[in-house]
Amino acid sequence: MLFPTFTFAIFFLLVFVGSWLLMPRQGLWKPFILLASVVFYGWWDWRFVFLLAFSAVANQFFAKAIEGTATLAARKWLLAATVAVNLGVLGWFKYYGFFVTSAVNALHAFHLNADLPLLRIVLPIGISFLTFRVLSYAIDVYRGTLRTSSMMDFAVYVAFFPYTLAGPIARASEFLPQLAAPRDPRRIDTSRAFFLIFGGLVKKMLLADYLATHIVNGVFTTPGSYTSLETLVGIVAYSVQIYCDFSAYADIAIGVSLLLGFELPDNFNAPYTAVSVQDFWRRWHMTLSRWLRDYLYIPLGGNRRGQIRTYVNLFLTMVLGGLWHGAGWTFVFWGALYGGALVVEHRRIDVRKARFKRRRALPEADADTADLGFAAAAPAGAFADASAAAPDSGGSAAAAARSPGAVELDTRPWGGGVWPRVGTFAFVTFAWVFFRSASFGAALSVFGQLFRHWGSIGAAVTPALLLVIVVGIGIQYVPRSFTERAEAGFSVLNPLLQGLVLALGFMLLDVLGPAGPASFLYFKF
Amino acid sequence: MDERDTDRLPLGRRRRTAASALIAIVVALVVGAFFNAPAMKKTAMEMPFGGARSFKLALVGPLATVSHWLFLDRPARLTAEALGRPAPGPPPVQVVVRPSAPPSGKPGRVDPRKPLPRPYPGHPVHLYIAGDSMAGIPGMALVNLSNKTHLIKPLLDYRISSGLARPDFFDWPAQLQAQTQAFAPGAVVVMFGANDRQGLQTASGKVYWFGQHGWTGEYRRRVREAIAILQDGGVRRIYWVGQPIMPNQTFNRQIRVINDIYRTEAARHPGVEYVDSYSLFSNGRGDYAQYLPGAGGQMQQVREQDGEHFTYAGGLRLAQAVMTLVKKDWLSKNGGTTAPASPQPSAKPSPAATPKP
Numbered sequence: 001m002l003f004p005t006f007t008f009a010i011f012f013l014l015v016f017v018g019s020w021l022l023m024p025r026q027g028l029w030k031p032f033i034l035l036a037s038v039v040f041y042g043w044w045d046w047r048f049v050f051l052l053a054f055s056a057v058a059n060q061f062f063a064k065a066i067e068g069t070a071t072l073a074a075r076k077w078l079l080a081a082t083v084a085v086n087l088g089v090l091g092w093f094k095y096y097g098f099f100v101t102s103a104v105n106a107l108h109a110f111h112l113n114a115d116l117p118l119l120r121i122v123l124p125i126g127i128s129f130l131t132f133r134v135l136s137y138a139i140d141v142y143r144g145t146l147r148t149s150s151m152m153d154f155a156v157y158v159a160f161f162p163y164t165l166a167g168p169i170a171r172a173s174e175f176l177p178q179l180a181a182p183r184d185p186r187r188i189d190t191s192r193a194f195f196l197i198f199g200g201l202v203k204k205m206l207l208a209d210y211l212a213t214h215i216v217n218g219v220f221t222t223p224g225s226y227t228s229l230e231t232l233v234g235i236v237a238y239s240v241q242i243y244c245d246f247s248a249y250a251d252i253a254i255g256v257s258l259l260l261g262f263e264l265p266d267n268f269n270a271p272y273t274a275v276s277v278q279d280f281w282r283r284w285h286m287t288l289s290r291w292l293r294d295y296l297y298i299p300l301g302g303n304r305r306g307q308i309r310t311y312v313n314l315f316l317t318m319v320l321g322g323l324w325h326g327a328g329w330t331f332v333f334w335g336a337l338y339g340g341a342l343v344v345e346h347r348r349i350d351v352r353k354a355r356f357k358r359r360r361a362l363p364e365a366d367a368d369t370a371d372l373g374f375a376a377a378a379p380a381g382a383f384a385d386a387s388a389a390a391p392d393s394g395g396s397a398a399a400a401a402r403s404p405g406a407v408e409l410d411t412r413p414w415g416g417g418v419w420p421r422v423g424t425f426a427f428v429t430f431a432w433v434f435f436r437s438a439s440f441g442a443a444l445s446v447f448g449q450l451f452r453h454w455g456s457i458g459a460a461v462t463p464a465l466l467l468v469i470v471v472g473i474g475i476q477y478v479p480r481s482f483t484e485r486a487e488a489g490f491s492v493l494n495p496l497l498q499g500l501v502l503a504l505g506f507m508l509l510d511v512l513g514p515a516g517p518a519s520f521l522y523f524k525f
Numbered sequence: 001m002d003e004r005d006t007d008r009l010p011l012g013r014r015r016r017t018a019a020s021a022l023i024a025i026v027v028a029l030v031v032g033a034f035f036n037a038p039a040m041k042k043t044a045m046e047m048p049f050g051g052a053r054s055f056k057l058a059l060v061g062p063l064a065t066v067s068h069w070l071f072l073d074r075p076a077r078l079t080a081e082a083l084g085r086p087a088p089g090p091p092p093v094q095v096v097v098r099p100s101a102p103p104s105g106k107p108g109r110v111d112p113r114k115p116l117p118r119p120y121p122g123h124p125v126h127l128y129i130a131g132d133s134m135a136g137i138p139g140m141a142l143v144n145l146s147n148k149t150h151l152i153k154p155l156l157d158y159r160i161s162s163g164l165a166r167p168d169f170f171d172w173p174a175q176l177q178a179q180t181q182a183f184a185p186g187a188v189v190v191m192f193g194a195n196d197r198q199g200l201q202t203a204s205g206k207v208y209w210f211g212q213h214g215w216t217g218e219y220r221r222r223v224r225e226a227i228a229i230l231q232d233g234g235v236r237r238i239y240w241v242g243q244p245i246m247p248n249q250t251f252n253r254q255i256r257v258i259n260d261i262y263r264t265e266a267a268r269h270p271g272v273e274y275v276d277s278y279s280l281f282s283n284g285r286g287d288y289a290q291y292l293p294g295a296g297g298q299m300q301q302v303r304e305q306d307g308e309h310f311t312y313a314g315g316l317r318l319a320q321a322v323m324t325l326v327k328k329d330w331l332s333k334n335g336g337t338t339a340p341a342s343p344q345p346s347a348k349p350s351p352a353a354t355p356k357p
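These protein sequences, in sequence, are chains L and Y.
Under the working numbering, the first residue of the first sequence is numbered 1, with each subsequent residue one higher.
Under the working numbering, the first residue of the second sequence is numbered 1, with each subsequent residue one higher.
Isolated chain Y, as found in the complex (with noise of 0.2 Å):
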């Protein structure tokens, strides 16, 4: 395939054979895929437990070795570090997982029984919401609810495909240990579990798949876990999220496992209450609903395309749900002291879920 040096476009462009195209683009994936080895490990091992994971492994794993030797790894780390961004790559601990923590004794741990300190206007009750992209949409219109009341500071932070099955993925406990430090919250709403649904690794390296005996125990340690961080970092209440109706029977059958787990967990734990969203997604029959009517009978869409995923006003009627439950505890005007609603913060919270004013 000679190349025409005669057709040219303007500006003297030179169109080129596919020939030449070719060689460019399998240089261009070649060499960028060098470069990006660190990274495309990161993302092969984000991936579930599984064959999918090892084959991509199998395949990134001897790029990104052979890319280090070569030093064609540099050029993306040290444009990251001059540019202050995370370097490309896995972190070097690869699996993050802790034995469980204390039940109690934390300085910061109430009892959870004691009365509720009352908010009023300039000591408003922190709120953090954090959970998966499940709680976007609900967090966003929590968010807004909480604006309204004045009383309430909300804090919203949700991570895309994260939960508390990958803490290789996003470290979620230490995401709450550091946020309860910074942002000090005296309730708490979280919401995980629709990207838990696959193995979890332990400490001995042991991976249990999800349907598996000692999958439901390995994650129920986690959920307490998670309640430990919080209720030692001080936080009164937590409203622990479930998963809603799900349209895909086998993925519903899934959900449900997670659910009972942290209904259960919340039962057994004074100041944690579960929020039930599947009954509240599910029609008159307990089936699965995309539109659902409103507080005024009106019809509502209230998952989206995707069937899994809330609406806005979706989200808003599993936010004014979790709101009926906040308003209760720290609004009502039963009983509850005058003390400050939460205790002073002693770090920033991260910059990615910093409150608004």
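The shape of chain L in the complex, shown without the other chains (with noise of 0.2 Å):
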């Protein structure tokens, strides 16, 4: 079921009046909810649903064993085969082809004949954000700042229908907490909901897929058709198209959410905004970030064990990351671009820190703390809100600040102003050559057009096709309070006249949109 459809108009008015009126009786609107977000679920395909019944008890059952285990050692092991049975499903359906077909043909490179099975595997729709939601379950039980929930209440977790698709990536510890008592009816953010839902709507059609029809798919299947200059807006097209198309479904997961009475984890802060490679991933996927963060790179070692194990941790955050996205070389590729990118940084500001301690003598305990955004080494299990410690900068300047003399210490990598943010979504830009290209060859072939064909602008490049483009990158600019104010007018209107307003919207969507609704980019991860 796709959120701009008909259908799931229908769907959400019957659960947000079903909600509603059994959120008083927990015991019937639990099971309720469950029932929803399994129809929803099961939309695509019905057999999908035994992968969440199953997710939701094998993964209750471990939490609940490490929970009642008292020694570290056991736990550790309950910890590890909880994640080698998550992290077991997800290689099965998302990397058993990618595996085996390149172990195949590494042996083929040696003229060995492996006769391994290819299955035909049906990827379950949102397995990766599933994958995740549950390992933050059992890891912050793990580490005991979580405790474990009732069934029903984790089951709703697991399946909770607006964010099973795409995220955003909702951490067991923000949303069991939710379910603890009734929503209040009589408080729902309905502007900002509303707000969320149809911004949504006109990112995902208006400009998304606009985007990708007009040009980007053209451009990364048949390069050799574009001018250089159209290769050109295309790739960028394609930086904005993946933006609006993420977020899009983003926030209309979140507007559904608040509708319910729930709060989901912001995503995305403008991440065409970036001052720095570090910046865009405070701003980019925050949820992933964090997770990455959390679960990943801290346990890996963070920056503890001194700075040349930092930067291998980072890259291999990264590039797991990369992977996490697809199976395909490409996306390995992908993150180990940022992997790289982000040790540059890093080691950039670990220089000047350097430098910055032998003239102002900083104390070490400064250093530490110092936020290097992606890269902080927060407490294990500590939730640090990336985006709150990032002021509108892009950076922070914060930790020199707190010595006594208060010299600052510019821990942004570039400073701030225009030129970091070009370069910052120039690299960017560069990179998600190789995220949505099907192979290198294709990726090159891209970048090769852009120097074979630069005698005429191309008809694919259009006003209409830039406009939508400044458009994408432009809504990044508009400062919150703008919104806000604008959220906060609609929020005084007549429920009537709200309602009024959202179907001239919902008619000038159908109008300019496209004929029918196209998939969101990232359901396939």
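Hints listed in this document are in silico derivations from the structure and should not be mistaken for laboratory results.
Predicted model only: the values in this text are computed from it and were never measured.
One or more of the hints may lead you astray.
[To be verified] Residues on chain Y that point at chain L, a partial pick, calculated with CB under 10 Å:
#	residue
1	24
2	53
3	54
4	58
5	61
6	137
7	151
8	291
9	295
10	305
11	309
12	311
[What the hints assert, rightly or not] Here are the simulated SDA-like cross-link-like pairs (lysine to any residue), alpha carbons at most 25 Å apart as the crow flies:
#	chain 1	residue 1	chain 2	residue 2
13	Y	56	L	9
14	Y	56	L	13
15	L	76	L	147
16	Y	42	L	198
Note that the Cβ used here is the ideal one computed from N, Cα and C, for glycine as well.
Make the complex out of the two chains shown on their own, each in a separate frame, by following the hints.
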């Protein structure tokens, strides 16, 4: 069931009414919302529901076992088993074909024929997001920062339909406490919810899908048919498309949850205004960044084991993050690009910090707590809001400011201003080419086309296309206060008037949008 | 459920009650449905013939009528007109079925048995690639292969969910006719069928369901009509690509019925060549395979996760098979003339499918 469809609108209307009617009776509400979530997920393929059920039962079993075990060694083994089961399921569904073909082809290169079975495995939609959700539960229980919930609560957390398919990755510690008591039907942030949902629909239907059909798909699949300028515009357009597509889903999911009384974490914070790659990962897919930081980077040692190990940990985290996005070497390379960029930026800051310490005798403790964005070594299990730590300038200059004498150490690798933003956007856009391309060869064809055909502009570059790209980037520079004022103004309108405004908006979307809804890009991850 | 005015968010944003939210949602959906009723009716009409379509039409048909009476369909139409977009709603003619085109006698028709003209630099053969979503990825790969020759100028024109079954959804005969005039292709690659396993409505209004005896005859007539339109437009070679083997057994059986029509019609018409993608995507035992060895022996995933559509590697596999035939016909050193390989186009190709340099 896709969000931008009339089918979902009817489904949600029924769920909304049922949910608030049953909310005071939690014993009825929880089975109801679970059933609604199962219907939503099973709408794609009813067989996938068994995966949800298995995941809920198995992880609850392991979490209870971890909680009920006294010895640390046994708890570690149980956690290892939990991780192995979840990654095993993910590996089977998502990576089996990738690993087997890689193995067969590697052997083939040495003239060895391996008759490994290549099976047709249907990838359950949103399985990667599911894996991250349930692992956050088991790991937090292991760390002692979260107590196990009831089976019903955990099942609702696993299956809650707004975020099932493509996030945000709400952690158990964020969501389960909201199930402890009925949500208050008098305190719904409807205005923000409507803005998020409508804004998400605009981003998806008017911006992302337009760019996909008018230039991106063509440039990335038949690059030889486009001029160099068209190719360049197409590459930039993909940056805008993937932001508008993915953030649209997150916005709609957060808005739909708000209408049901639940708060989900933000997933995007104007990522193309970032002044560095670190800053970008504080703003892009924020719930994934936090997850990778707290459940992968920090367990690997974070920045507690010296500089070299910090760099290795950063690199490994990003490579695995790349592989999480897709079963392909282009995704691994995409992650490695970011890993390398983060290492360069951290090295730059470390060098600067060392010089600074020599000059100013910066206390060691201050250096360790400096905000390094994605790589910040927060205490295990701690929830640190990366976006809150990052001011609008995109970086932090806090560490030395806390020292007596207060001479600031700029921990932004490239400083602030226009050029770091342009440079970061250029790097991110460059990396997206590997993310979007079917193979390295295809990516190189796209890059090659940038140098082959500068004689003409090309018919695909139209004023409308450029306008959509400008709007897609420009909306990230709109101050949050501007949107909040609009939301505040909308919130005081009579509900009838709110409905009429929304109806007019839907009409415009229908007229201006594509003929049929396209699937969201991140479903396949 | 009373609203609590004291419970305010930053900048004075007010929280509202669930009842307020419900009113806003219902008004938005109901009024929005009236505003968009013509488009909803169009969507329902494009569904395959059957109970679900009838049910949806029974719901949205009256809605569209009331919307029209109350002038609620006007804002969408006026907005569309102002923006130069197609008006929402079903087209004035709901069923587009033509009698079979005459087999020959049109001025553009060239005897397919005559030698093909050889393309040369500056005078490429125009290759028009048409079809449904299954043709998308192979079409893109074929465009890439064509561009490399510098002697074949491709034009890819694929429409998702389309086929020969429902001209009321997308009128392929009209599109083929328009593109033969606009792009003047010497060769055409067509790939339909994946969406054609549904009822066919004849000019008399009778609907033949898939599997009925009359269905095969009607579908065969449509294939002949498409061939006639292309050949009458001056197309010298048609490469009719069959559907590949499918993972679902029912779907696969249906595909075999449709492929059989393509194969036999291609055999009956000189200048039409059937491309057997069914075998191309079967494994050594003739079964469905999601992974197949490529030209270098490396295993490749050739079908997407849905099991039906092609990955790029799969599309390339099919495109290479088609390109082999195209090269044999048009670029081989045996025979051929030096006349322009494609006649001069008489109009611009449709904007959605403008050929790239």
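Unsatisfied constraints (hint numbers, rising): Those not satisfied are hints 2, 3, 4, 5, 7, 9 and 11.
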